[in-house]
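First to last, the protein sequences are chains A and B. The opening position of the first sequence corresponds to residue 1 in our numbering, with each subsequent residue numbered one higher. The opening position of the second sequence corresponds to residue 1 in our numbering, with each subsequent residue numbered one higher.
FYI, nobody ran anything at the bench for these hints, they're computed from the structure. No experiment lies behind these values; they were computed from the predicted model shown. Errors might be hidden in some of the hints.
[What the hints assert, rightly or not] One side of the interface only, derived from the structure: several residues of chain B facing chain A at Cβ under 7 Å: (1) K12; (2) W29; (3) L32; (4) P39; (5) N40; (6) N41; (7) V48; (8) K50; (9) T64; (10) V67; (11) M74; (12) S75; (13) L81; (14) A85; (15) T87.
[Claimed, not checked] Sample of chain A residues lacking proximity to chain B, with all beta carbon distances greater than 10 Å (derived): (16) K2; (17) A286; (18) Y608.
[To be verified] Simulated pairs of lysine to any residue, SDA-like, Cα-Cα distance not exceeding 20 Å: (19) K22(A) to Q53(B); (20) K31(A) to Y8(B); (21) K449(A) to A505(A); (22) K468(A) to F3(A); (23) K22(A) to M52(B); (24) K607(A) to G550(A); (25) K168(A) to N40(B); (26) K50(B) to E44(A); (27) K31(A) to A63(B); (28) K50(B) to T721(A); (29) K84(B) to K168(A); (30) K168(A) to Y8(B); (31) K50(B) to L716(A); (32) K93(A) to N40(B); (33) K167(A) to L32(B); (34) K2(A) to Y8(B).
Don't be surprised by glycine CBs; every beta carbon is placed ideally from N, CA and C.
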Amino acid sequence: MKFLATVVFALTLLLIWALQTKFGDIPPIGKFLNPVSGFWQNAESTNSSSGTELQLDGLRDKVIVRYDDHHIPHIFTKNDHDLYYVQGYLTAKDRLWQMDIQTRAAAGRLSEVVGPKALDIDRYHRRIGMTYGAINTLKGLMKDSISKMTVMAYSDGVNSYISHLNKKDYPIEFKLLDYAPEKWEYINCAYLLKNMSETLSGGSDDFEMTNNLKVFGTKTVRDLFPDYPFHEDPIIPAGTKWDFKPLPLPKTSADFIANTSDTVKPQKIVPGVGSNNWAIAGSKSANGFPILANDPHLNLTFPSIWYQVQLSSPTVNVYGVSLPGAPEVIIGYNQNISWGVTNVDADVLDWYQIKFKDQSKNEFWYDNKWVKTSKKIEEIKVRGQPTVYDTVIYTLHGPVVYDKIDQRPKGRANVPVGDAMRWIAHDESDDFQTFYLLNRAKNYQDYRKALTYFTSPAQNFIFADREKDIAITPNGKLPLKFRDQGKFVMDGSDPANNWQGWIPADQNPTVKNPPRGFVSSANQSSTDQTYPYYINWRFEQYYRASRINGRLTAMNKATVDSMRLLQMDSYSTLARDVLPTMLKYINPATLNENQAKGLSIIKNWDKYYAEDSEGASIFDAWWDNFFHLTWDDKFSRKDIALNYPSYDQTVRLLLTEPGSTWFDNSATKYKETCSDIVNKAFQQAIDGLVKTKGQPGKKWAWGSVKETFINHLANLPGFGTGNFSAGGRGNVVNALRWNTGPSWRMVVQLGPEVKGYGVFPGGESGNPGSHYYDDMFETWKNGQLNELLFLSSVDEKSDRIKSTLILNSK
Amino acid sequence: MIAFGAAYFFGKKPGQGFLSGFAAIFVAWTILALIQTLPNNNILADRVAKLMQLHNWVFLLLATGLVGGLVGGMSALSGVLIRKAFTKP
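Based on the sequences and whatever the hints tell you, model everything.
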């Protein structure tokens, strides 16, 4: 009897233990299902209370927060400290897990919570110097009394929320992954900036370009990879005069291309991550005041990368989107001005080949002598396993991302070995100051002053104000380079290859009130070829820009709705440029029945990537096949990583050099011409569609051919949207495809009373158990915008205010 | 704990102990979960059910009740058996 009792008792304890423990990716079942402390507690009642009052340590005065019908907080404080404190507190309340996981990812600390499967990505983030850069950035932020105040107040607010959090109220992801929120450090705000820098300026093709040079020689590289595209429509209108005396450019080094020998390539530039913004002058708008529009294209996730907020104190009243984890509004407007950003695509990441003296790697060859390196030991904690220690060698250029081939983990064969990385994100900076000033800006002068503080990732800052000024400035800290410096991997021993200083901030390209009556950007070349400095050889191609500029040129008496429709526009500039020529080459005699049907569909296509368009699906596959049939045999090689020519250069050959030998497939005896490739590509496109979608018809609609989806940040099934049908794609204004696209669409009508409109795919709350987790998704998907509630004072009445939160100091 | 204690003092037969422990916690957990999920329109329960590859959140509710019930039942069974083993009849 005693034995049986002991066995049953032991079994019970074992059962309880098993239910409280995480096995692999399976959450602790008992803990997770327990209705008193597990996930059921995250189910928020849909009838939330209308008023609450809380006491918080650290507040200096009474704070009133109005929540609107989308759960967007409108924060009213009596001083700036309380403003950022409460911004931190409330952002944490809605987005704590997102803040935790994003900074963990940037800091290379994912393995601590998810175990060894994140070790590769952690090691990579450590080795490219994310921590090194964050420490430097924090130094810069803390030197400036304003940035210091905002970062400290924001962090204190986050910590105030965390310290009052009961276990049962932890965001559900903490329960699934079975870990607890930790204190928010000041450096986490800097990690967020590093995250953005990595997304927007962390890719490079220097290594593949170097290989191109070796395989094809200088002439081919100059032909196919020129420094200015065949088709272009630059951000600063061509012909704009530069009213400054430029600094002399540094001298090109004797042999600036490193003699590299390995076959691994650096992180690829992510396609589809780009953005649009534009502002029209009062002369083009219906009410006589400027209208500004911005839609940054990023990875789309639940929760959204953005968090809407209104911040109001005696020094500021601003509305817009913020980044969870950082103070201030990043894109938005106040009573006087509006601003937005797109990525510049400046070359601010370069690679230097390093020659070490010996295996100890304590010294490297530089300026004709041996120079000391330093070593940083990275301690990576791994859940359920011993801590991993990783030594990173730092040269005066920056960290050597991998100094031995066997250091490079399997499955991440995308980093060059033996090269040091020079990256703007490693430098000290004070980027928050820019946003502090923009949030409060009243006019053009304030805008220009704010921009001087911004370092990285360089952005096209667009601007409009109620005094009817409009402007755009590709802006950031841009290295002063000789032409093509950093287009290829450089020799790290020659000091002439170093960045030689900076383009003076007031000489960054800029334009104010151009005669054409609008300013715009879509990641294309910043300027025409007369700009005296070198920013990059390669920018996003002109397809979106050309469409935007064409439409804006034609527009008169424009309204907010004209801007909204342009944001949703899916007209293909590429198709406009190439389709007539491609159709000309088609030989109808060689087509089978389906191919002939396809030909008649595409002949009648209006060149819009609309959701229900069958022509779009055909063109998309046709162009894709044409591109790959042209280049794959030369540029897709197992032994060496090469950079493909751009669409732009492919278009140039198609339109101007149909007899080019590039069209000849080297694997066949027959000598192919452009016409052969165009025909073959078309037949393959139709055959492919028949194979996957059946006979020509409704199933060929672009919306069902294209994949579009939004996942939860941790790709949890059931927590995202699943695949949905939608128009658009990269290279058209509505650049929506897969899980990248317009992460925030905003239109602001300036005037005596500013009016803002905006929407992002998702909702304010990061809690999958909240009604506000995805309440804006449908509006976004349908191409509509919400009218934004911008309260002029705390006492303004609105029937959209659903609840009030009063925070008192203790 | 409660099931263990209650069964220790009041439980008579092992089978009955298990069943009453199981039923008590099964009912308690199910009701507590319902109190949370109904005002939520089952938004979260639906999502978690999909995550766990269940067709309907009701299965999730059942699973919750079963897990709670199992622990309750085993605890109660332990309570009854331990009292029987360690107290003289």
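Each hint tested on the structure:
{"no.": "1", "hint": "K12", "result": "15 Å, violated"}
{"no.": "2", "hint": "W29", "result": "5 Å, holds"}
{"no.": "3", "hint": "L32", "result": "4 Å, holds"}
{"no.": "4", "hint": "P39", "result": "4 Å, holds"}
{"no.": "5", "hint": "N40", "result": "4 Å, holds"}
{"no.": "6", "hint": "N41", "result": "6 Å, holds"}
{"no.": "7", "hint": "V48", "result": "6 Å, holds"}
{"no.": "8", "hint": "K50", "result": "3 Å, holds"}
{"no.": "9", "hint": "T64", "result": "4 Å, holds"}
{"no.": "10", "hint": "V67", "result": "5 Å, holds"}
{"no.": "11", "hint": "M74", "result": "4 Å, holds"}
{"no.": "12", "hint": "S75", "result": "6 Å, holds"}
{"no.": "13", "hint": "L81", "result": "4 Å, holds"}
{"no.": "14", "hint": "A85", "result": "4 Å, holds"}
{"no.": "15", "hint": "T87", "result": "11 Å, violated"}
{"no.": "16", "hint": "K2", "result": "4 Å, violated"}
{"no.": "17", "hint": "A286", "result": "41 Å, holds"}
{"no.": "18", "hint": "Y608", "result": "34 Å, holds"}
{"no.": "19", "hint": "K22(A) to Q53(B)", "result": "18 Å, holds"}
{"no.": "20", "hint": "K31(A) to Y8(B)", "result": "25 Å, violated"}
{"no.": "21", "hint": "K449(A) to A505(A)", "result": "10 Å, holds"}
{"no.": "22", "hint": "K468(A) to F3(A)", "result": "88 Å, violated"}
{"no.": "23", "hint": "K22(A) to M52(B)", "result": "15 Å, holds"}
{"no.": "24", "hint": "K607(A) to G550(A)", "result": "15 Å, holds"}
{"no.": "25", "hint": "K168(A) to N40(B)", "result": "16 Å, holds"}
{"no.": "26", "hint": "K50(B) to E44(A)", "result": "18 Å, holds"}
{"no.": "27", "hint": "K31(A) to A63(B)", "result": "13 Å, holds"}
{"no.": "28", "hint": "K50(B) to T721(A)", "result": "12 Å, holds"}
{"no.": "29", "hint": "K84(B) to K168(A)", "result": "37 Å, violated"}
{"no.": "30", "hint": "K168(A) to Y8(B)", "result": "30 Å, violated"}
{"no.": "31", "hint": "K50(B) to L716(A)", "result": "9 Å, holds"}
{"no.": "32", "hint": "K93(A) to N40(B)", "result": "18 Å, holds"}
{"no.": "33", "hint": "K167(A) to L32(B)", "result": "17 Å, holds"}
{"no.": "34", "hint": "K2(A) to Y8(B)", "result": "15 Å, holds"}
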